[in-house]
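Q: Full structure from sequences and hints, please.
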Amino acid sequence: MSLELPGQDRPLTRNVREDRRPTDLGAYEANGGYQGLRSAMGKLSPADCLQILKDSNLRGRGGAGFPTGMKWSFVPMDDSPGHKYLICNADEMEPGTFKDRLLLECDPHQLIEGMILSAYTIQADVAYIFIRAEYHKAAQLLREAIAACKEKGYLGNNILGTDYSLEMHVHASAGRYICGEETALISSLEGKRANPRAKPPFPQVSGLWGRPTIVNNVETLCNVHHIIERGADWFQSLGLTDDAGTKMYGVSGRVKNPGCWELPMGTPVREIIEEYAGGMADGYQLRGFLPGGGSTDFLTTQHLDLAMDYDTIGKAGSRMGTGTMIILDDKTCPVGFVKNLMEFFARESCGFCTPCRDGLPWSAQVLDDIEGGRGLPEDMDTLARQVTYIGAMGNTHCALAPGAMEPLQSALKYFREDFERHLNGGGCPYCDGGTA
Amino acid sequence: MPVIKIDGVDYEVEAGKNLLEAALGLGLNLPYFCWHPAMGSIGACRQCAVVQYLDEESEQAGRGRIVMGCMTPVTDGAIFSLGGDKATQFREAIVESLMLNHPHDCPVCAEGGECHLQDMTVMVGHRDRHYRGRKNTHRNQYLGPLIHHEMNRCITCYRCTRYYRDYAGGTDLAAMAAHDHVYFGRHQEGILQSEFAGNLVEVCPTGVFTDKTLVHDYTRKWDLQSAPSVCTGCAVGCNTLAGERYGRLKRIHNRFNAEVNGYFLCDRGRFGAGFVNNEQRLEYPGLRQADGRFDALSHYHALQHLQQLCTGGKLAGIGSPRASLEANFLLRTLVGADNFAPGFADAEQPLVNTALALQQHTAAVTPDIRSIESADTVLILGEDVTNTAPRIALALRQSVRNKAYEMAAGLRLETWQDAAIRNLAQDQRSPLYIASVADTRLDDVAADRRSLAPQDIACLGQAVAGIIAGDAGATIAPELQQLAQEIGSALSGAQRPLIVSGTGCGSAAVMQAAASVADALCAGGKQAMLCLAVPEANSLGQALLCAADAPDLNQLQQRAASGEVDTLVVLENDLYRRGSQAQIDALLGAFKQVVVLDGMDNATTSAANLALPAASFVESEGTLVSLEGRAQRHFQVFLPAEERQPAWSWLLACLHDLERPEALALQHLDDITRACADAIPALAGITAAAPDHLFRNVGVKVPRQTHRYSGRTAMHADVSVHEPKQPADEESALAFTMEGLNRAQPGSLLPYVWSPGWNSNQSLHKFQAEVGGHLKGGTAGVRLLQPGSTGARPVATAEPFQAASGSWQLVPRQRIFGSDELSALSPGIAELVQPGFIELRAADAAALGVSEGDGVEVEVGDQLARLEVRINDTMAAGCAGFSSGHSGCGNLEALAQANLRRAQGWQRRTPQLIGSDAASGGAHD
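Protein sequences appear in the order of chains V and C. Counting in numbering that gives the first Met the number 0, the first sequence runs without a single skipped number right up to 435 at its last residue. Counting in numbering that gives the first Met the number 0, the second sequence runs without a single skipped number right up to 924 at its last residue.
Any given hint might turn out to be false.
Calculated cross-link-like contacts (lysine to aspartate or glutamate; reagent style EDC-like; alpha-carbon spacing at most 20 Å) [unchecked claim]:
1. V:K191 x C:E55
2. C:K4 x C:E55
3. V:K255 x V:D281
4. V:K149 x V:E189
5. C:K85 x C:D104
6. C:K134 x V:E342
7. C:K134 x V:D368
8. V:K191 x C:E13
9. C:K775 x C:E11
10. V:K191 x C:D443
11. C:K765 x C:E13
12. C:K134 x V:D162
13. C:K134 x V:E347
14. C:K313 x C:D290
15. C:K134 x V:D378
16. C:K85 x V:D380
17. C:K402 x C:D447
18. V:K149 x V:E133
19. V:K198 x C:E413
20. V:K330 x V:D367
21. V:K191 x C:D426
Part of the chain C face toward chain V, derived, beta carbon under 8 Å [said to hold, decoys possible]:
22. G24
23. I65
24. S96
25. L97
26. R128
27. Y130
28. A424
29. M737
30. L740
I should point out that these hints are in silico values taken from the structure, not numbers from a laboratory. The C-beta atom is built at its ideal place from N, Cα and C for all residues, glycine as well.
A: The following block contains the structure:
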């Protein structure tokens, strides 16, 4: 991982140090930290904050890109008794994605400040950081940061002397990919099986413990206090396209300089790969890339000049997802690549609905047969049927399985000849002295 | 009502339903697995996929999207396609996915032939397998003597855990692991702890959970001869389908009755009829010889002896609360009403009479099961419902969810959105208050439960009634005053308050208090409900049949001693369960002659001069009156073997032989039913319990055998290669053949559920007017009790209980497995019955110098019992609980004051392995 420091405004990573050591409360405050909180508390009403968020056009950074302000506006703001919850989804398990880790490990207070203001906006009184258990270093930093905030009066009762109170807890996940799905996360946090829930009702009205709940990604929440402090126009101005703000982009695979960078939203793909990731490693050619993690459709060399934002990548037939690309090079078997992902998703299925639970292992088995030289010509039809059967949203209980089918369906589109070579040649041409 | 369009046809459907319910209700076939009419939708299996179109334009263009029928509300103008290619291909793909790991073991699977997975596989048209991988396999678990586990067959529909945990409140069955390794079982092998575990057999859409007694004595559904029956395990009167083959009762399935048992039975009911096949059953009449041995008699000679005894003797009779009204009525006719004892224990008789009188003289409604489920505040006084009227307890467990439904309505969630509603409400429940002598199985959903002596329970109830009525009420301990206030205001604020009590703790005052609370609510303008549990299948019928001043056992003994009567006829009643050994010895000894009609070789038949083998409830017709005063008919499933005869048939033959004028016109069971209805005004309604034997369904009878019944010739080929003529049934509208029509008949005449393409019990919806609603032919049974005036009813009061030092008040502790006589003789349940024991608080045990597993001597007057000690710190202070109806406890009387002392020379039992545990070694049983 490497952090190039481009010259433009980069609010999310301004406290990220060259040596990656965490920014503590003192350093955070010295660099203007908690000023957003101080300036907002007591001066801006929750409705004011929400309006700023809406105007900023901040979209969820967890993958779906749903407008954050609109999501929050569904939280009932009447004075009915009972808790409301804010949950930070720090269960970063999307294959190829490591952007939240950087934010968590290097600048925990940024997240906490963002969460306090977010919780204030929806008038939540309890906040959880649901963090992937493997991120134990970050979890520890967060616990320490929360304790420090409590001492400073940023958390706890009557924050900064106002009548607003917030408790914040860190919860280490037991480690399933599906916990990153917001309703499965809520089930897991309640101590139940991490099964997603049917919507409606949406978590905004019936979430954790049946109470109004907002779940947002780490990167989304990290943006909030910057927006409140510096305004919607400033945030809008950061993006190069219609999508606002900066974005944590990442590249993994056979590039010279794999890593993660905060760049203006809408930075072209080519610029990310060639300038920041240093281009392909010597001896490798780019064949395609998954733009936003393991559950997004392949794009190929023809898409290199597209802007990396939600709408542009969506129109090209994929999703920006988490914004962290996985590169497919010309020496790697696309079938094996997809099979690897499919086995991951099959294993991470919660086992609730049939197409996902039984359909993904079936797809994985077919891919394994093709990759292992045991494929039959009709397997191509089977895979095509699986894509229609499992791939459509609504056919399954949640988005895991449709996401899992995205690499497969786009591989069938862009790399069909590779599948056919496997079927005709009796095995993988990339392995064991293959002729690719 | 919304109008929806399905495949081009407009249908009017009920608002608030989901599409799957609506489609099934319209008679359309839409496959499903995870949805269950009693448990709602979760959208797991994705089997009920249909295509929904945005508008007519998109319908014409074929641009629809797949939605799940069970998760889609019907809204006016919605357009669906069930038959379109997109949906049918998707549904076929779902079955193909489910079959990836499903074994091809249908020929050896107990579910085969009535398997919902088979039906759905055929329905979606799936045939060719494309998957070439290996199948996943699992280890099976030993789950106790009742349920067989075969995990490889699982299709992961989550119905089992949703039923077991969410619906029935069990904790020891769960979904474990993830992805395609999900496993449904216990954390380790062992007996399933829920009293309602047996419903897994019917809830599971395939062969994972099957009836172990059936598996070990197997017959396919299509080979069963079945008839509508009524469970005799307790007084709830659950409707059952009893199936027979080769003269053996093979299994009990649920028979849907929207008002009595819905879709579910308790395990006593499902597995407790195996006594019918018990080897202790009497086969021939027996006449006691001088040397004490019995000689077997023919039917003819037995009747001759019976006639002689009846002609010469001055007759008295003891009826039975577990025998039919008809048999009891004939015995009462034979011996005369004055000398006919209903057959209760002496202490029990006034209790049952009180339960009846309170229900006859209250403004409160006696609720059916739906009303119980609809209750929004419940008070249970003294009754351990799970062990005395289990199906009611399951309904009470649903009643606490009304709070959740209320919350759901606020978010416009429909009641079938099960997961969403549970997630919304979490642990918020409608209030359920329990005052009992010790812990109960509903404590986990109770807002409050107090352990109190029965006298204090009665005082608490009276205090609550006083608070509701706004007067002073009973004097009550200060620490209970606050509770009484809380209960009183909760009940007063409720829309549908329910008070539950019963005879279970042996106190009339407790039931009286329950009725007072209900009446106070009614006086305040509430439509309160009052549910009183009584012990046996026909306890209430027996109380209705006999006057409140009918003689009890003690009075009969006195009359025999005085020479008023000298010949006793006992009907289906083991008297040694109704009193102490000494009392019953004295009773029987006071008579010159004792005739016993019963099915089982028990202590009472052994004491008879003439013993006549009576047919069991599945070998005879009869009418039983349940605890809600519902008269229900059970029908002969198969003809009794050897010389067994229905008890009414023995008695009718005797009356005919005696040429008794009142019996001359009686030929059929229906005649007896009518005569009984004519003679007893309170029973006037019982003829309407079911159609009589002249009823024909569109001109034909209703068949007991399925249209695929096989082997009618081969079955008896070892005896004769000629197929015998099928026996004729002169007593009912059912036939012992395959011929006839099992469709659209009255609900009480439903012998099995089966519909083309629907071979499993899921075919039930084809027999319902709407999914989950009443049977098309009407609900079985007829209600006899009507709310009445509160005047002229008995008054039983209690003074606060004073714990005495050095002695304990005995309180009965009821057990679902063991407290009932006949079910305890059924093989699976017999394994679960524990020998009687006594429950003591730890401090009491310490004072006696005993600990768990030690023995104590229980002394009441001149009776002495030796019982094992169990520590239970939830026992009410000053009370000791004994296992009611168990061996060793039989002579103990409720509410007696007993002296306890450490038993000398007590042999502690070593931890005992249950038979099938040891035999099978656990897995793969």
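Q: Compare the structure with each hint and give your call.
A: Results of checking the hints against the structure:
1. V:K191 x C:E55: 42 Å, violated
2. C:K4 x C:E55: It holds: about 10 Å lies between the C-alpha atoms, which stays within 20 Å.
3. V:K255 x V:D281: 8 Å, holds
4. V:K149 x V:E189: Not OK: K149 (chain V) and E189 (chain V) at ~25 Å, beyond 20 Å, violated.
5. C:K85 x C:D104: With Cα atoms ~31 Å apart, K85 (chain C) and D104 (chain C) exceed 20 Å; violated.
6. C:K134 x V:E342: Holds, because 16 Å separates the two Cα atoms, which is no more than 20 Å.
7. C:K134 x V:D368: Cα-Cα ~15 Å, so holds.
8. V:K191 x C:E13: The hint is violated at about 34 Å.
9. C:K775 x C:E11: 19 Å, holds
10. V:K191 x C:D443: 18 Å, holds
11. C:K765 x C:E13: 17 Å, holds
12. C:K134 x V:D162: Roughly 60 Å separates the two Cα atoms, so the pair is violated.
13. C:K134 x V:E347: Given that 20 Å is the threshold and the Cα spacing comes to 19 Å, the pair holds.
14. C:K313 x C:D290: Answer violated: K313 (chain C) to D290 (chain C) is near 25 Å, above 20 Å.
15. C:K134 x V:D378: 19 Å, holds
16. C:K85 x V:D380: Holds. K85 (chain C) to D380 (chain V) sits at ~16 Å (cutoff 20 Å).
17. C:K402 x C:D447: The hint holds at about 16 Å.
18. V:K149 x V:E133: 25 Å, violated
19. V:K198 x C:E413: Satisfied, since the Cα-Cα distance of roughly 13 Å is no more than 20 Å.
20. V:K330 x V:D367: At roughly 19 Å apart (the allowed maximum being 20 Å), D367 (chain V) and K330 (chain V) satisfy the hint.
21. V:K191 x C:D426: Holds, because 14 Å separates the two Cα atoms, which is no more than 20 Å.
22. G24: 22 Å, violated
23. I65: Hint on I65 (chain C): holds, closest Cβ of chain V at ~5 Å, below 8 Å.
24. S96: 4 Å, holds
25. L97: 6 Å, holds
26. R128: 11 Å, violated
27. Y130: Interface hint status for Y130 (chain C): holds (6 Å vs cutoff 8 Å).
28. A424: 6 Å, holds
29. M737: Hint violated; M737 (chain C) Cβ to chain V Cβ min 37 Å, cut 8 Å.
30. L740: 38 Å, violated
Violated hints for the displayed structure, listed by number in ascending order: 1, 4, 5, 8, 12, 14, 18, 22, 26, 29, 30.
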